[in-house]
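Visitor: Listed below are the residues making up each chain.
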Amino acid sequence: MPILEVENLSISFNQYTAGLKRKNIQVISSLHVTLEAGEILAVVGASGSGKSLLAHAILGILPDNALVSGTIKYNGELLTPSTQASLRGKEIALIPQSTNYLDPLMRVGNQVRTSVQTGDATLAQRAVFKRLHLQQTVEKMYPFQLSGGMARRALLSTAIVSDAKVIIADEPTPGLDPVVMKEALNNFREFADNGCAVMLITHDIESALMIADKIAVFYAGTTVELAPVEDFTGNGEALRHPYSKALWRALPQNDFTPIPGSQPHPSDLPTGCLFAPRCTMATSACSEEQPDMRNIRNGMVRCMHAT
Amino acid sequence: MRLEAKNIGFRYGNGPWLFQHTNLTVEPGEIVGLTGPSGRGKTTFCRILSGYEKPPEGKVTIGGLPIISKGMHPVQLVFQHPEKAVNPRWKMGKVLNEGGRPDLELLDLLGIEQEWLTRWPGELSGGELQRFCVARALGAGTRFLIADEMTTMLDAITQAQIWHAVIEIARKREMGIIVVSHEAKLVERLCHRVIELH
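Chains as they are written, first to last, in the working numbering: chain R, 2 to 308; chain A, 2 to 199.
None of these hints come from the bench; they were simulated from the model.
Ideal Cβ placement from N, Cα and C applies to all residues, glycine included.
It cannot be assumed that every hint is accurate.
A few chain R residues that face chain A, going by a derived Cβ cut-off under 7 Å, partial list only [stated by the list, open to error]: (1) G20; (2) A47; (3) S53; (4) G71; (5) P144; (6) S148; (7) M151; (8) D178; (9) H204; (10) L248; (11) A251; (12) L252; (13) P253; (14) F257; (15) P259.
All chains should be built: construct the whole structure from the sequences, respecting the hints.
Guide: Here you go:
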C-alpha cells in the first residue's frame with residue numbers, strides 16, 4: 002500500500018481582478034502521484050508547473066483563497082485539515098524551498114533542536130551539523146549570518162533530525178556545493194532505505210537521477226509522465242512524453258538544445274493537451290481534449306501518441 | 002580590454018578575511034567558470050568585480066585602468082533570483098529600459114515577447130523574468146557579464162534557451178563572461194577555463 006496517494010488533485014486560486022470582481026485560476030489539474038514506503042520519488046518540471054503547490058497541498062498549508070479538489074491519502078486514510086495539522090512536522094516533514102522559512106530571530110541550532118522528538122536534542126543537532134559539514138560555531142548564529150548554502154543545510158538538518166515517515170524536500174539542492182549535496186542526497190537515500198519515503202521536488206534532473214527510484218515529470222500543473230529512473234538515459238528514447246524527452250535533451254551533459262516557446266501561464270491554458278502548442282508531434286486531436294494518464298511500458302504517460 | 006582583479010581581499014569591518022590575494026583575469030570573448038564551496042565568497046567577489054562592493058584590499062581594472070564609478074558599469078551582474086532583482090511596482094517595459102533601451106534584436110534573441118512589456122513582474126515566470134534581467138544587463142556599454150547562478154532556478158529547457166542567446170551575443174560583441182555555478186556539467190559545457198575559489 003502506498004504511504005502517500007494523491008488522486009485527481011486540482012487546485013485553483015480565487016483572485017480579485019478589478020474592484021470586487023473575482024476569477025478562478027486553475028494552477029493544478031487532475032494530478033496523480035503515489036509515494037511508496039522505501040522509495041524516493043523525484044518530481045521534476047519547470048518553475049510554475051505546480052511542484053511546490055503539491056507539497057503545500059499535502060501538508061495543508063495552502064493560502065485561504067485556494068480551492069482544492071481530489072483526494073490525498075496518507076497510509077490509506079483520507080487527509081483532512083485537522084489530520085494534516087497533527088501530522089505535519091511529526092510524520093510528514095517539509096524542507097521548504099526558500100531559506101526565508103528560517104526564524105530570523107532564533108539561533109539556527111535552537112531551531113533545529115525544536116524538531117527533535119526523542120532523545121537528546123543538542124546531540125542530535127550537533128551530529129547532523131557535523132554530517133552536513135557545518136561547523137559547531139554555526140549553531141549559535143542567526144540566519145542572516147549564514148550563506149545561502151549554510152541556511153539550506155540548516156533547513157535540511159531540521160527535517161533529518163525529526164522522526165518523520167515522509168520527507169517532502171522542495172528544491173533542497175540549489176546553492177549547495179557538490180560535497181554537501183552528495184551528503185544530503187545520501188541522507189535521503191538512507192532515510193528511504195529505512196522504510197520511509199521521500200518526495201524530492203527539484204528541477205535538477207541530475208541530482209534526481211543519483212538517488213531517485215521513480216521520476217514524475219510535471220508540466221503546467223499536471224503530471225505528464227511517471228517513469229522509472231533507468232529510462233532517463235541516452236537520447237531519451239525510453240521516455241514516453243515529448244516534453245520529458247525535450248527536457249532530457251536540453252541538459253548541458255546531453256545535447257543542450259532547447260525547444261522554442263515556454264510553459265503556458267495558468268490563466269491562459271490551452272484546451273486539450275497542455276503541451277500541444279510546443280509539440281512537434283501534435284495533431285488536431287491533441288487540442289480537443291486533455292489526454293488521460295495511460296500505463297505504458299512500466300510507467301505512465303499523458304499523451305495519445307506515446308508508444 | 003581585459004578585466005583584471007589583482008590581489009583582492011575582503012572582510013566585513015575588522016572581522017576575519019573572507020578571502021585574500023585573489024586574482025582573476027578575463028579576456029574579451031572568454032568564458033571563465035568560477036566554482037567553489039558555498040560560503041567562500043564567490044558572490045562577494047562578483048559584487049566587487051561589478052562595483053557593488055569596494056574591496057578593502059586590491060583593485061579591479063579594465064584595460065589596465067581603474068573603472069570609472071559614474072554611468073553604466075562595464076561589468077554587469079545577473080543574479081540568481083530574478084524576482085528579487087526587479088522592482089515589483091514597475092511594469093516590465095520600465096524594468097527593461099532602466100539602464101537604456103536594449104535593441105530589438107537582443108530581445109528577439111532572448112525570446113522576450115512584446116506583449117510581456119505591459120505585464121507586472123508577478124505575472125511572469127522566473128525564466129521569463131530572468132530574460133529581462135539578462136537583457137537589462139546587456140546594454141551597449143557592457144564589456145563583461147557575470148552570471149552568478151543565473152540559471153540555477155530554471156528548468157533545463159529555459160536554461161538552454163537563455164545560455165544559447167547569451168553566448169551568441171557574447172560572440173558578436175567580443176564580450177567576456179564569468180559563470181558562477183555549482184553545476185559542474187553546465188560549467189564544463191560553457192567555459193573555456195575554470196577557476197576554483199578556495
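Visitor: Now look at each hint and say whether the structure bears it out.
Guide: Hints, one by one, checked against the model:
1. G20: Violated, about 18 Å.
2. A47: Since chain A brings a Cβ to about 4 Å from A47 of chain R, closer than 7 Å, the hint holds.
3. S53: Violated. Min distance 12 Å.
4. G71: violated, 24 Å
5. P144: violated, 13 Å
6. S148: holds, 4 Å
7. M151: It holds, given that the least Cβ distance between M151 of chain R and chain A is near 6 Å, below 7 Å.
8. D178: At about 4 Å, which falls below the 7 Å cut-off, the nearest Cβ of chain A leaves the hint on D178 of chain R intact, so it holds.
9. H204: holds, 5 Å
10. L248: holds, 5 Å
11. A251: holds, 4 Å
12. L252: holds, 5 Å
13. P253: This hint holds: P253 of chain R lies near chain A, its Cβ roughly 4 Å from the closest one there, short of 7 Å.
14. F257: holds, 5 Å
15. P259: At 4 Å from the nearest chain A Cβ, P259 of chain R passes the 7 Å test, so the hint holds.
Consistency note: the structure conflicts with the earlier hints numbered 1, 3, 4, 5.
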